[in-house]
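From just these sequences and the hints, can you work out the full model?
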Amino acid sequence: MKRIKRHLSVFIAVAFIAGIWGCVEPTNSSMVTSVAQAKSRDKEEKSPYEQDVKPLTTLDCARCHYSVFEIIRDNGGKHQLDCQFCHETFHTYRPDKNWSDVVPQCTTCHGEIHGPTFLDCLSCHGNAHMPIAGLTNMTTLEKDCANCHTAQSAEVTQYPSAHSKVACSDCHHTQHGYKPDCVECHEQPHTDYANNDSCMGCHPVHKPLEIRYTEETPNGVCATCHEEINSRLISTHKKHASLQCAYCHQETHGNIPQCQDCHGLPHSKGMLDKFNGCTDCHFDPHALVLPGH
Numbered sequence: 001m002k003r004i005k006r007h008l009s010v011f012i013a014v015a016f017i018a019g020i021w022g023c024v025e026p027t028n029s030s031m032v033t034s035v036a037q038a039k040s041r042d043k044e045e046k047s048p049y050e051q052d053v054k055p056l057t058t059l060d061c062a063r064c065h066y067s068v069f070e071i072i073r074d075n076g077g078k079h080q081l082d083c084q085f086c087h088e089t090f091h092t093y094r095p096d097k098n099w100s101d102v103v104p105q106c107t108t109c110h111g112e113i114h115g116p117t118f119l120d121c122l123s124c125h126g127n128a129h130m131p132i133a134g135l136t137n138m139t140t141l142e143k144d145c146a147n148c149h150t151a152q153s154a155e156v157t158q159y160p161s162a163h164s165k166v167a168c169s170d171c172h173h174t175q176h177g178y179k180p181d182c183v184e185c186h187e188q189p190h191t192d193y194a195n196n197d198s199c200m201g202c203h204p205v206h207k208p209l210e211i212r213y214t215e216e217t218p219n220g221v222c223a224t225c226h227e228e229i230n231s232r233l234i235s236t237h238k239k240h241a242s243l244q245c246a247y248c249h250q251e252t253h254g255n256i257p258q259c260q261d262c263h264g265l266p267h268s269k270g271m272l273d274k275f276n277g278c279t280d281c282h283f284d285p286h287a288l289v290l291p292g293h
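Okay, so the sequence shown: first residue is 1 according to the working numbering, each after it adds one.
The hints are simulated quantities; they were obtained by calculation from the structure and are not laboratory data.
Honestly, I wouldn't trust all of these hints.
[Claimed, not checked] Only pairs whose alpha carbons sit at most 27 Å apart, straight line, appear in this in silico BS3-like list of lysine-lysine:
#1 K274 with K238
#2 K78 with K179
#3 K269 with K239
#4 K207 with K165
#5 K238 with K269
#6 K165 with K179
#7 K239 with K207
#8 K207 with K179
And the structure:
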């Protein structure tokens, strides 16, 4: 009995110690690991003066120049480049140094893109960080439009119209490149086809009286000005009534075709010699009514 009690006491003691060791050991192991990791970090983390300096990124610049970053992000266009692409040197401004010696020169990349006359880029492009959206000073641009837009300027001058009497900025207002809707000025156009594609299908914008059209132009467009002629045409049952106006009056407004272009010589030479022309008998080509009919 005593032997059993002795063995039981030993067993309990061993179990007690084992239990304590089981609770303590993980904690000690975790502590050992943490200490080891801390020592490892101490070895890895060098002093700033022991590390290589990495080049600034655009996002680094944005931390201080965020308003500029926003402008480029939203309206930068082709200027959405790394900051250092243009600003090869930076933070070098001194009051005694000319500002133009510090900021990058537009001509470095763009050359004399608008010729030798326009070298003060910022006089038109108000903000280099948004080169197109910044073209808003239309008063400044107006007097120089013809220097770049020579073809358009020549058309307006060569083909006088109401458009010749207005300034470029009266139509192309707000910003450079703005193209207005025709109905901004022409509030009551002469057709129901009131959109830019329809208007300019006949009226070239800088020479609007030089009317052009295709054979598919609806007769209703012509009828808005030529109402009486259209009425005569649709009242007849002759073959001409089935044609588009532009089929005969091709390409150029006011073009009057020769009957022979389509009909050739439908009568004998002897008969034709008795008359001055087709309309001596057929009178109106839009009605084709013969005498006594």
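Inset, instruction - Assess, step by step, whether the Cα of K274 is no farther than 27 Å from the Cα of K238, and give holds or violated. - result: 25 Å, holds
Inset, instruction - Compare the distance between the alpha carbons of K165 and K179 with 27 Å, and conclude whether the hinted pair is satisfied. - result: 18 Å, holds
Inset, instruction - Would you mind confirming whether the straight-line C-alpha gap from K207 to K179 stays at or under 27 Å? - result: 16 Å, holds
Legend entry - 27 Å limit on alpha-carbon distance, applied to hinted pair K238 and K269: 24 Å, holds
Inset, instruction - Below or equal to 27 Å on CA atoms is what counts here, so check K269 against K239. - result: Cα-Cα ~24 Å, so holds.
Inset, instruction - Starting from K239, check that the Cα of K207 is at most 27 Å away, please. - result: Cα-Cα ~34 Å, so violated.
Inset, instruction - Take the C-alpha atoms of K78 and K179, compute the straight-line distance between them, and say whether it is at most 27 Å. - result: Holds, at roughly 21 Å.
Legend entry - Pair hint outcome, K207 versus K165 [Cα-Cα no greater than 27 Å]: 12 Å, holds
Violated hint: 7 only; the structure is consistent with all others.
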